[in-house]
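Chemist: Here is how the chains run, residue by residue.
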Amino acid sequence: MEQQPLLEANGLTKRYEDGALAVNNVSFSVRPGEIYAMLGGNGAGKTTTINLFLNFLEPTSGEARIAGIASHADPLAAKKHVAFVSENVMLYTNFTAVQNLAYFVRLGGRTGYTTEDYRRVLLRVGLQEEAHHKKLKGFSKGMRQKCGIAIAILKDAPAILLDEPTSGLDPKSGYEFMQLLGSLRDEGKAILMSTHDIFRAKESADTIGIMRQGNLVMQQSRAALSGEDLERLYMEHMAGVTE
Amino acid sequence: MVRLIIEKELRDIFTSSKFLVTFGICSVLIILSFLIGARNHQVATAQYEASKRANDLQYEGVTDWTRVQEYKIFLPPQPLATLVNGVANDIGRTIEVRGRGELRSQDSRYGDDPIFALFRFLDLEFIFSIVLTLFAILFGYDLINGEKERGTLRLTFSNAIPRTGYIIAKFIGAFLALAVPLLVPILAGILILPAFGITLAGDDWLKLALIIGAGIITVGAFLALALFVSASTERSSTSFLVLLSLWIVMVMIVPRLSVVAADQIVTVPSVDEINSQKSRFMSQIWNEDRGRMNSYTPPKSQNVQEVMAGFNKFMQELADAREKKFNELSARLNEERTNRQAEQQMLAMLVSGVSPSALFTLAAGEINGTSLRMERAFLEQAKEYQRQYAAFMKEKTGMNTGGFSFVVRMVTDDDAAPPKPINIRELPQFAFTPLSAASGLGAYTGYTGVLAVYLLLFFAGAYRSFQRYDVR
Ligand SMILES: Nc1ncnc2c1ncn2[C@@H]1O[C@H](COP(=O)(O)OP(=O)(O)O)[C@@H](O)[C@H]1O
Ligand SMILES: [Mg+2]
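Taken in order, these protein sequences are the chains called A and Y. Residue 205 in my numbering sits at position 196 of the first sequence, and the numbers go up by one each step. Residue 348 in my numbering sits at position 299 of the second sequence, and the numbers go up by one each step.
Okay, chain Y solo, but in the shape it has when bound (with noise of 0.2 Å):
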């Protein structure tokens, strides 16, 4: 019995104009952000590959390692990237790495490139948070008020029909159709993917499936919601209206709503507030240093070179003193801000737990490693290349490079060869690690987890009112 109402509810969806419409405009839209996604990849890997040159190509001819005071890093573009956005496109790509001092990330792609901005809500995740939600509502609104208002819920009834079951195909039927417009385009996506020369790796194609997979529970549980308010009011213009204004307050209001109450509720020092009070302690120590300096007496010798040497021991001392100092400040300055912003962070995702999309934009960004964690994993592989970059250039130069320090070279006249130029590539290379499926599994299973829990819900309140309706 429920697979012959299944059956029926999928010609009857099939046949209607209003699945034609669907389908047309969901595989335009899907399409359209594979085809713009890997566009934007090819672009993004042409810019990642000339930035690379570019950077390298500075150094060409440099006869001295100490003449290097900086080497960048860059950002890989990733594929997936291009199908969940997340915040890839709003951190900054670049970072200049020195022997010491802190790393900040700058450059972002939609800050060198702003057109990029104006396409950016055409991603997988907007497609499922934002259109495919809207979907499930056309789909559902009417599931049980509409056969109610064609008449033909009063014959399905006059037959020994448990509403238990009926109630069940109907989300099926109805479920199965909107997949249809959902799955076949996302597979005709993925198959143009290798034609712009996009492969995935083993971890791409599980981040893949898991975000169709959390997609296609939150369409459930809008669904289960249209069904929901289907079964519980007798007209579908009413149950229409209902969705319509909840569909709004859920996918538009809430989310946004929930970002500017956190950031009301919690507040955050901006990075210009501790950036002013890092250089005020910065030049506190300095001041500090200058006193030292001031009453620095050269050691006695007549060679240059030890001379020199003893000074710049001597500043080498002052300055990595100074760095400690001004390490642990900065280091506690930053905690308070991580630990400020992960409670903002946290009451935001609270608050737009209410709403399913906002749900389902979390788990895509945590299992595609394109969430806020994306920022702080390079922040932290630059750290550790910091820390290989100031190790190779120390065993270059015999110095801690990006301090303050002298550097005299003596120009001799032995017909000793020219200075031969230095290879940049000796330099370690940095090789970022996206973050991995794993990493980010179990904020995806919690967030894929509340999701089912309202689709459930909505469904056993459809339920619920459905034992109740009136058939007649």
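Okay, chain A solo, but in the shape it has when bound (with noise of 0.2 Å):
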């Protein structure tokens, strides 16, 4: 039996106060135990349709819909069942890893973890135990990723929602990153990663959309991919970001 999505974008448009037509018209969905790499170069509308999805924008028309309720209609309750980690993870720079956790996994809604769940959670990310109780103020990019991909999996959430999240990383962290994600989506999660790098999202997504001045241009899953579609895409998203 087909799996309900858990994210869907349906003729999702969204056209700023400036006239500028960010996503136009863009359909899509994510199910469970899937990861969808929305692929486009800066400019292509990859955070306005996940600022869609989070409600902290308005659709011009269509709607996103997260576990089957519209954003913009009820975003108290779809924002129930997502987690999002943005490109530049940002906490409390005076509190520790710890407490910043413990915060906004709190906010999330779930409460009842303990300091040796955040202790394990925060070394399955990656971030090394002396760390753990320390302030925010002197952590890397990074670091401060790995918190928030720590929160994002304590919350819990059916989805995640995640904006480039491996951009400014070094190689072997994007490398871990990547690898934490397939665990996510293994344990049933949907997931919605936007990226402007081809390989990351050829090495890890189930399905790949390219977007291009907000169009989304092409949809495929990774099984339908050859080694010739992936140079034609490389093309074709690279033309995009030199634009």
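These are calculated hints, taken from the structure and not from any lab test. As the structure is a computational prediction, the values presented were derived from the model and not from experiment. Glycine included, C-beta positions come from ideal geometry on N, C-alpha and C. Mixed in with the good hints, there may be bad ones.
Just some of the chain Y residues that point at chain A, by a computed CB distance under 10 Å [what the hints assert, rightly or not]:
(1) M50
(2) L53
(3) I54
(4) E56
(5) D61
(6) A95
(7) R199
(8) G200
(9) T205
(10) R305
(11) N361
(12) K362
(13) F363
Grab the two chains, each in its own frame, and use the hints to assemble them into the complex.
Modeler: Next comes the structure, spelled out in structure tokens:
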């Protein structure tokens, strides 16, 4: 039996007040146990799409649904089912990693975690133990991304949105991050990730959608991608980046 | 959820250097204001006792009540006036009471010891209306846009957080964080008062509690204003500048401007003008009486005593008549002046009502009894005392003293015992009843009510702005 999609864009369109059409009639869906990579260059409309899911923006037309709930119609109900990791995770710099975790996880509606739970999840995302009780002040971007994904893991929502989570990470951290996403997918999460890194997308995504100037120009499952496709995609995609 | 955000806000603020600095400055200023207030009260009390003693000493050895031409009464220092000065140091503390005539207070604290005017700023009222309102802005200017700049607002609202709960929690959190640097040193200050021999009566406690209550509402109003501006701007540098400007206008300019504006719009005849009018009238009725005195024929009698008594009776009657006429004029002029003054004050209060900190000053002065009513109360009670004094002197001397009369003292050669000195303490003693909390409660409630309305309006503005705030 085909599972219901957890994340769904239906004719999603966003035109900013200044007239820029950032997202144009985009439709796709992400099912439990699926990683959907939204691939596109700068300005393609990836962040706008994710912001529409989180109701940070109202769609001009169409809708973004989380667990079947339209975000703009009932944002509070919709956001219960999603965790979010932004491009540059920002936390309270005068709190420790564990304190940040404890706050944001409870804000996400999860209570009952112990310090041992925090320790285990921070180790799982690869943050060395000596950093757990350090203030965020001196954390590198990679360390902050790790905290961000730890918060998302502990929120334990069925869907996860990630906006260019690996941009700016060194290759090793990027690789580990993708491994982690893979394991979350295996736990049955529906994951929507935006990226401009085609190789990362190819590595772990189940489905790849290519965005260009607000349009979803192509969508393909990884299984259907041949090496030739990848090259073609790469050319098309990089053209988008450099324009 | 609200509780969680409040806890986070408290921890966030308590671990910030901003809080440490605020707490430090607040503690020092508040404790200092209590210390200075207590010290001033001690000095003022000593001065008050000394003046009273010196006044009585002046009549030591006097054997005749007719030689007591006047008796000075003094405004006793009040413990709470040292914490909320109001006009307590500006008004005269001494009144020379005669059997008749107008009463005028003189010898203000600042007039006697200008050095105290230097420290006038350091009372609780100053700390609330100037220092704490500034701190409220420091705590509040980046409550919303600061979270956006830090990038934490996005992550927060990726969760199912209602905006209403969030902004309420932010306000309460910052408010509680601000209350600590405020209430802890105030409590400590109250505890050191007894060490200076200052004991507060029941009414004083009520006053103090209400003053602190109004102060907290004032701080809350400024915090809500800061929240409002913070939720209406993207950058904390912008909101800081906007708020600083608003603060300068509300705290520094409006209260002063209100006085100037009221002075321009309603003119009140000066005391000098009124006095010259009065003295013109006085010399006019004197001239009339001089005619009557010239045509006075003493009673035909050989007895000097009888002649003098007749003369004094005549003079007394003239003086009484003169006083009656003079009092009528004086009452009319005074009433006119009082009415105009009331108009002026009303206008000034209306204008300064634009400023929450001015409202606090007014509320604190009213409840504490150190508002403009204080001088009036002193004069009124002195007038009442004057009646007792006149009645007493009349009984002792048979005359209404304070007017113009001749006293003939007979020197008798009888071997009678030497005249006994009078006991000046027999005079009725003046006891000032401070304005009660109840007497100022109406005005206090009015001002504090407007303050609360400000708080609610600012918060409503913040709420409205935040509903549409771009949390990305
Ligand atoms: N707040 C905004 N107002 C107007 N235009 C915007 C705004 N944010 C983004 N855009 C425009 O929308 C388009 C898509 O932006 P974005 O979604 O951020 O792209 P991406 O995340 O793929 O780089 C770009 O052309 C960008 O200039
Ligand atoms: Mg982007």
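Chemist: Taking the hints in turn, state whether each one holds.
Modeler: Okay, the hints, checked on the actual structure:
1. M50: Cβ of M50 of chain Y sits 7 Å from chain A, so the hint holds.
2. L53: Result: holds, 5 Å to nearest chain A Cβ.
3. I54: 8 Å, holds
4. E56: At about 8 Å, which falls below the 10 Å cut-off, the nearest Cβ of chain A leaves the hint on E56 of chain Y intact, so it holds.
5. D61: 6 Å, holds
6. A95: 51 Å, violated
7. R199: 6 Å, holds
8. G200: 3 Å, holds
9. T205: Constraint on T205 of chain Y satisfied, holds at 6 Å.
10. R305: Because about 40 Å separates R305 of chain Y from the closest Cβ in chain A, which is outside the 10 Å limit, the hint is violated.
11. N361: Status violated, d = 87 Å.
12. K362: Nearest chain A Cβ about 89 Å off; hint violated.
13. F363: 90 Å, violated
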